[in-house]
Structures are given as C-alpha cells and as structure tokens.
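Participant: Protein chains in written order, with the numbering used here: chain V, 56 to 484; chain U, 8 to 365; chain G, 737 to 1064.
By construction, these hints were calculated from the structure, which means they are not laboratory data. Quick caveat: nothing in here was measured; it's all calculated off a predicted structure. In this text, a Cβ means the ideal position worked out from N, Cα and C, and glycines have one as well. Keep in mind that the hints are not guaranteed to be accurate.
Straight-line alpha carbon distances no greater than 20 Å define the calculated SDA-like cross-link-like pairs of lysine to any residue that follow [stated by the list, open to error]: (1) G/1059 - U/100; (2) U/100 - V/253; (3) G/887 - V/271; (4) U/136 - G/887; (5) U/157 - V/253; (6) G/887 - V/253; (7) U/136 - G/1052.
Computed beta-carbon distance windows for the label pairs [to be verified]: (8) U/361 - V/358: 53 to 59 Å; (9) U/228 - G/920: 43 to 49 Å; (10) G/1051 - V/451: 44 to 50 Å.
Where chain V lies over chain U, by a calculated footprint (3+ residues, C-beta under 8 Å) [claimed, not checked]: (11) 167-179; (12) 263-269.
Here are the chains, one letter per residue:
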Amino acid sequence: MKLKLKLTSIVLGAVMATGPALADLVLPMLSYRTGAYAVNGIPFADGYNDYLTLMNERDGGVGGVKIDIRECETGYNTEKGVECYESLKGTGALIFAPLSTGITYQLIPKATVDGTNIHSMGYGRTSAKNGKVFRNVFNYPANYWDGASIAVKHIMDQEGGDLKGKKITLLYHNSGYGKEPIRTLQELAKKHGFEYKGIAVDHPGQEQKSQWLQIRQQRPDYVLMWGWGVMNQVAIQEAANVRFPMDKFIGIWWSASENDTVPAGAGAHGYKGLALHGSGTDYPLYADMQKYVVDAGLAAGAGDQVGTVLYSRGMYNAFLSVEAIKTAQKLAGVGDVNAAQVRDGMEALNITEETMAAAGLPGFAPPFSVSCENHGGPGLGMVSQWDAEAQKWSLITGLIASDMDVIQPLIDADSAAFAAEAGITPGCG
Amino acid sequence: MLYREAGDYSTSYPEDSQTFPIKFDRYRYYVILAVAFLVIPFFINDYWANAVLVPFLIYSIAAIGLNILTGYCGQVSLGTGGFMAVGAYACYKLMTSFPEISIMIHILLAGGVTAAVVTLFGLPSLRIKGFYLAVSTLAAQFFLVWMFNKVPWFYNYSMTGMIGSPERTVLGIVVTGPATDAWAKYMICLIFVTLCAVLARNMTRGSVGRKWMAIRDMDIAAEIIGVNPLMAKLSAFAVSGFFIGIAGALFFSVYLGAIEVTEAFGIEKSFLVLFMVIIGGLGSIFGSFAGAAFMVLLPVLLKNLLVGGLDWPTDLAQHLYFIIAGGLIIIFLILEPHGLAQLWRVAKEKLRLWPFPH
Amino acid sequence: MPDQVLFAAEVMLNGLMAGVLYSLVALGFVLIFKASGIFNYAQGVMALFAALTLVGIMDGQVPFSHLINAIFGTNIHHFGWHTPALLAIILTIMVMVLFAWLVQRFIFRHLVNQEPIILFMATIGLAYFLEGVGDLMWGSDIKKLDVGIPKGMNETIESITHGAFGYGFFIDNLDIFATFVAVILVAILVCFSQYTKQGRALRAVADDHQAALSVGISLSYIWILVWSIAGFVALVAGTIWGAKSGVQFSLSLIALKALPVLMLGGFTSIPGAIIGGLIIGVGEKLFEFLVGPWIGGATENWFAYVLALLFLVFRPQGLFGEKIIERV
C-alpha cells in the first residue's frame, strides 16, 4: 500500500509541478459549480470571475499588476474546501472567499495562524465583525444578524411601527447557516413584543409539506426564510400553493435570486428578499463587461447569468476584493502586494459614492468603511421584490440599518468566547 | 525470484502463525513502518498532511472498522457517517468537559462511547438481514445526525451548532487546533492507525474473527456449530464502532478542527467508507488501506491533473471526476469483485514464481 | 370539531399524497429488484437524468455543450428550437431504453452471479457515473420543467371541506395528479405483467432465473426490458418531482425518501411499495405534526426510517415481501 502511495506521489508531484507558477496578484475562488448547491454557486462564481477578467482585460489588472484567478471546486464540501485552501495558501493567495458557512468556520482559526485573509461577504461567522479578535477575517458589508434585524425593521415599517402580538415565523435550513439568525430574532422578539417561532427544514428540503401545513394552520403574520439550494424553490412553490401572502414572505439575500423564484412561475409574484446591492444590467459597467468579457468570449461558465442577483453578488465581492487591493497598494506604495498588506488594505477600505461611480456601478451598493473595531461594515440592507411578469427583482426600499443595540452585545459575547477558546488577546494593530 | 520463500523455515508454532510468515513480507512491513514513522514526518508539509495523508490515515481506521462489520461479519452498514459523528461529538464533549485529561485518552474513550452506541443500533441485526439491515442502519445515520444537530447540549449551546476543537497537547506538542504542525497531525493519526491495524489484524485471525467469519458465511450453520450469534454479531458491531469512533474523533479534532454535523457526517460519508471497503477488498485489513488510499487520492489526483495540468474549467473536472470515479468503481467490480486486496494477492502469487512461471 | 383534529386530518391527507410520491420512486426499485435481484441505488439519479433529458430536449439544448465549448473554443448552447412536450417525452423514453441497453450490455452482463452487495455497489458506481454524465450533458444549473402538470391548491376540496367543517383542507393539485398517474402506472404494470407474453416472462425470471432460462426466456432481453420500464418510472417520478422544485441535482436525493418505503413494503412487492409509501407518508407527517414541535422539528428524514425499522423487527421481510426461508 505504501509502495503504491509512493508511486502515486511521484506522479502527483510531477503533475502538481506543472501548474502555472507566475503569480502576480493571486485571488482564489472557492466555488461550487457541482453538487446540491450548484444552482446558487454557478452565478456567483461567474460574476466573481467575470469582474476580475474585466479588470485584467480592460485595466491590465489592478494598479498595473495582473490578477491570477485560481478557481477551485469545493462542491460545498468542507473537506474539498480544506484541500483547496491548503493547495492555494502557498501561492501567495491574497483573499479567500470560501462561499460556504461550513468552510468559513473551518478556515477562520487557520487564517489567523497562517496569516491569510478571509472575506465572507454576507455569510460566515457573524461575530467576525469584531476585528479585534478576528484580525484576518472580514465579513463586510453585512451579516446574518444584520439581515434578521433588517427584515424585522422592514416588517415594522409595514405594520406601522408596532409588532406587539404579531407572529413571525422563521423557516430555516437545518444547518449552521440556517440557525444563525435564531438568537437575534429571539432577542428582537423580546424587544418588540412579537411572537417568534422557528421551523426547521432538513437538507435538502425537497419535501416541505408538513412545514407549510404548520404555517397554514398557525397563520403567522410574516414568514422569514433562511434557505439554500432546492429548499428555496420548494418553499416558494409551497407558499404559493397554500396561498400565503407573498409580500409577507421575506427571504435572506441567499434566498432571493431568480433561480429561486422562476420555477414557481406566477405564484412567486410579490415574494420579497433582502438585498445587499442592486441587480440587473442597468449599470455603466456592463457596457465594458459586454465589450471586454462577453463579446471577447472570455465569460466564465455558460455566460448566461450576467445581471442576475447572484451574479451581481459575485461581481460585488470581486469589486470589493479589487478595491481592497487598490487600498493596500496605496498604503504599501508597491503594486505587487502580499497578503499581510492586503489585510491592512481591507481594514482601511473606504467605499464612497465616488468609488462606486468610478467603477461603473453608481448606486449599486451603499458606501461604507471598515476599521479594526468593525470588520463587518455598516450592516445596511435593502428589500427587493420579485415581479413574476417582468421576471426581475426590483428594490422597493431605501437602505435599512440594522439594530446594533441588539446585535452588538451578541457579537461581543460570541467573539469573546472565541477569543477565550483560541487564546487570543483582543486588540488592534 | 523477488518474492522468495525458499529457505524460510519455521521451527515453532508461533513462528508459523505470525502475521507475516514470509521473511520478505516481514521486512517489507518493517521498512514501511520505518519510513512512515521516521522519514515522512521530516518531509511532510501542510498540503500533503491536510489534503492527502491525514484524511487517508483517518479513513483507513474507519474502513478497518467497517470492514470488520461488513467484510468479516457480513453485516452491511450504511450508518458509518452517523457513527463517526458519535465519535466526534463524544470527543468534543470530553475535550471541553475535562480539559486536563490527555487527548489520547479522550479519543480512546470516544471510541468506547461509539462502540456502545453502535452495539445498540446493532441489536436489530439479530432479526433483520441483508439489504433490510443495510437500509435500517440508515435509521441510525439520520437519527444520530438529527440529534447532534438538534440537542444543544452536544454542541455546548453554541449559536450555530458548530463545534470547534480547542488546542490540546501531547507531551508538550500541539496536536489539535489551528497551530498544529503538519507532522504532529500526521504522527498522532499514524500512531492510532498502527494501533488499530495491529489490533484488528490480531482480532480477525483469532477466535473472535473466526466466529465473525462463520456468521458471515452462513449464520444458521455457525449457530449449529456453537457460535453464539448474539455475541458474535454484537461484538462485531462493538469493535467496528470502536474503530469508527476513533476515526470520527480524529476526523473532528485533528483533521478538520471545526465541524457541522449535517455536512461532515452525512450519508455521503457512509457511502464513501463503504466504497473504500468494497474497492479495497472485503475481509482484508490491507484492503481497507488500499481502498482508503484509492478514494482519497483519486479526486486529488484528477483535480491536479485536469485543472492544474490541463487547465480545464473546474466544474468540467468535477463532472469528469464523477464519471471517472463511477466508471472505475464499475470496472473494478467487473474485473475484480474482491477488490484491490485480491489483486495484490494475485500479484504476490505471480511474484513468488517470477521469472520462472512453471 | 376542534381545530387540532381538523389540522391532523389535513396533515394525514397530505401525508397520503406525499406517500404516493414516495411510492412512485420506490416502484422503480421494486421492479429491478424483483427481476434481477439488483438493489438499484441509481434509481434516484435515473429520475434526475430522465428529467434533465426531458427538459433539455424540450428546450433544444445542445448536449455536452459545455465540454464541446471547452475543447473547441466554440460558443454553442442551444439549437434554437423547442420540442413539443409529447415528442420530448417519447424521445426521452428512447434515451432511457438506450440507457437500459448500455447498462445491461456493459455492466450487469459482466456481473452475473455476483453477490448482491457487489451488484449494489455497482449501481452506486453507476449513480456516480450517471450524475456526472447528466451534469456534463445538460449543465448543472436549475431548469424549469413545464409539461402542463397542474399546481396549486385544489379549490373544490377547499370549498367543500370549508362548507362541511368550517376549515378548508389544503390539497395540492400536483399531488392529486400524481395520484392519478400512480394509479394508472400501477394498473398498466399489473396488466403488463399479467396479460402480456413479456410480462409473464418477467414474472418467470423473477421466480427463478435458471428455470426461466431453461424454458427459453432470454435473460438479457428481460433485464433490458425491466431496466427500460424502471427508466420510464424514473421519468414519471422525475417529471412530477421536477415540476415541484425545478430540475436540479437535488432531485437525485429523492431515492433516500424511497428507501424506507422499500424496507417497509418489502423489496419484492409492487403493492408493498404503494402501501409502504402511504404508511410512511402519513406516519412521518403526523409525527412531525404531533411530536415535531416538541423536539425541534425536521424529524421526517429519520422518522421514516425508524418507523420502517419498527415494522421490520416484527416482519423482517417487510409487509409484503416474500418470506425469507433459510436453509443450511
């Protein structure tokens, strides 16, 4: 057995040595285009890739240095994610975007030790917002607890500011990801006097009849959803079936994309979702995207995802990575920055209206800045609604800020627990 | 020629019945042990440890465990993922409740806890047989995963239900947590693998193992010649559970460090370990190693070849991996239903005579 | 009547309907197991593959376009036509027959006389293989399947029950449709196996391979036939489930829903698959409704298995399975 292992290792070594070695600015992308969650993974990966390709093609990289995109398939599987991380961390990878709650949790302790940077945009461990403990982990611009709070605030708006005696039900994916908002919602229920109830859906979530019968029988005023993969499509279909008012059904940003609503057809009309950013192709950037990437045949994947919600999110993630690198280049005074410099760049990131406009994305997402105390950004979100006839998502509210009075104590408690467990002394610099 | 047994005489019974009766085999075994213990630790890096060797060693333990149950005792189990979860969570609870006790003891105890749980789920095997039993072990799989996901006591009431392994040391060397060196991870797994393999090998060729095999070959006949099916089956479940529990504990504490039960110990894991056992060879300790090596290396190798070497899109590579893995499994089953171990046996027979086949 | 009783009744009715859906998947398993003793784990993936093929043909997708584009640098995705549903279904059935032939010719022909566990593993290998082929052929993005299956709440039942009990029961039109399909499917299968020559041959093979061979029945023909029928059943199951959730990878996981049904009903009995499905459907829904809220919910997955296990302890061959006779 060991003999065979040695033989294979020789082959393996030979194969591994042939990989491209000329790394400039290495940006890894842990994507999943296969497996149970591929439906959501594909558009995100396409958006991320296309934006970076655009940078390379149009601007010759960032600050004159080319970007080397390293895509690695995880299939939403933690072990594959670890393999990807280990194979990429030695290449001078600047920012890891793990795109899975499981892999993010997996990498957080490693990142601190290895000095790699993790950016989990709108997912991952919420308390990573506390940069004094999680020095290499960033989750700007918003996290799940923000999401829960934004949804509740939106409901409050709808109900004229009073939630006393209302019933809000959370339909969640029975995993770490789905359980994230529970604590926040419980706290918010205490504060605002609504009645909270959680209903779990097991992976994969193909069959949700009993959950939706419960909802039909209990008649909650609002249903929130933390779903992923097939669970989203089935939930929206079932909600339409039991005639739950769709405008009182609100999904987190991962449950609010075209993929989730299209299969349910007209029944999905009016379904709401939280949004971190705009979507659609009405931004000046897309002219360049069309010219340099799509028409040049360089688009990632099948090239049919441009402008969708998850594509936009991938693109936004890439945009934030590029801006962080630019900031790092400015701080360090060199073009070829390393991971430690990029970390400082991420911490000093300041996205203004002008930055967004300069990138061809005016009004795409709110301006914000990052600091050592706050790796999580401002926690701003919007609410968007699905129009089944026009087949598109449109924003229906302005920016809503999350309720930091409730969230901050939770973050402090959770990050303190992590610091104690991992033996980290919180502090800046 | 290469494989000589001429002049290899045994002068006592212990010598005749030792694990490797042929001198060449014995020396090869010592050389492999020496390389594994004395050479590899000095050359190992993070990638090799985390992507290849540590998962290989851990899956080997799990495969040995399942092989005892399925290969030696003939009880097909699809609950391996859930049983590994028992080991992982037992280890986590022990690690966090008694931080002053050595992690080595915790891992062994986690094996013990798993043995108890697996024995409990093995009780129906006295009445249910064949595929019915295989499918009913899925009840254990789904129930255990659900339980670890739902009962907050198991994950110490953390907000997301994830468990993370705190830093622990053995003889002053960090073996768990993010600061662990590659060689330390490798060594602790290697020590457990060696212990488990020796234990399993000696159990399976002793009276316990013979009873298991009698049950496997025909349980009614075994009963008639005096094998107690209750004891034999349940002991197989217990021993198998002990190994799988150790594998689960190592998988969580040393290899991954942070785990979400639905994702890490889902039904895919049960199938993966079963694959290892079948590909490697039912009823063979060596086969467990070979199967684990095959199933761990294949995806890494293909990925590096197709994405790293040929620069193909990652999703194509992944689809091709499914096709190739599925195809290889079928081809293996057609060519050699008794697995890699049988291939090795045949090769050994050939080598004994080589280069003069007559 | 008190609300709780009405609610429970509604849950039970829906459980029955869900049970029919499970039975549809389980039927495919039973057919193959009966005829060849193969526990075909790939049945779920076959459902996915069939549904993918159906959608692909209907939308005029170019098969393997991703691979072709990657190798030749082209950029083709669609033929640019749409195939009518009926024609697409017929073409898909042909694909499934071809698949049956390939499976028989290249896999199981070489595995005759192997132990059941080896055959089982081979079907898992087949499942992997087919999963890869399906994704490679048609892409792994989600696809909307629209062959005109009705969806949504059934108004009539709602208004009648509302009039009678003051609470309208919810029944999904899709489930009612699925029930009709299942009834028709079972009727066809029963007629086929009772009244046609091939059907009789099929039963003969199921009874005894050697005896069937000796009276001149071609085993390999029967096996191709039975895999084709299983492929057809997979298509039906895949279409109905796909209409619900869109056609995507997770469709292959419905096999896991069918396994407890098989355990309970017995691997060898078609009525067993139906009754088992109904028991599992009602059981798991009622348990989730009555006990679920107290213990945290999401119990359906394991409860189905535990329920089946309880039945098995009393009847080790399943409710309708053939009695296992052990000889030394």
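Participant: Please go over all the hints and tell whether each is borne out by the structure.
Facilitator: Against the structure, the hints:
At roughly 45 Å between alpha-carbon atoms, residue 1059 of chain G and residue 100 of chain U are farther apart than 20 Å, so this suggested pair is violated. For the suggested pair residue 100 of chain U and residue 253 of chain V, the alpha carbons sit about 26 Å apart, so the restraint of at most 20 Å is broken. Distance hint between residue 887 of chain G and residue 271 of chain V is fulfilled; the C-alpha atoms sit about 17 Å from each other, no more than 20 Å. This hinted pair does not check out: residue 136 of chain U and residue 887 of chain G have alpha carbons roughly 41 Å apart, beyond 20 Å.
Our distance criterion of 20 Å between C-alpha atoms is met by residue 157 of chain U and residue 253 of chain V, whose separation comes to about 12 Å. About 27 Å separates the Cα atoms of residue 887 of chain G and residue 253 of chain V, which puts this hinted pair outside 20 Å; it is violated. A hinted pair counts as satisfied when its Cα atoms are at most 20 Å apart, and residue 136 of chain U with residue 1052 of chain G qualifies at roughly 7 Å. A beta carbon spacing of about 56 Å between residue 361 of chain U and residue 358 of chain V agrees with the range 53 to 59 Å that was offered as a hint.
Under the hint 43 to 49 Å, the C-beta atoms of residue 228 of chain U and residue 920 of chain G, about 47 Å apart, fit the expected range. Separation of residue 1051 of chain G from residue 451 of chain V is about 57 Å and departs from the stated range, judged on CB atoms against 44 to 50 Å. Counting residues of the segment 167-179 of chain U whose CB lies closer than 8 Å to any CB of chain V gives 6, so the stated coverage by that chain holds, three being the minimum. Using a Cβ-Cβ cut-off of 8 Å, 6 residues of the segment 263-269 of chain U lie near chain V, which meets the minimum of three, so the contact claim holds.
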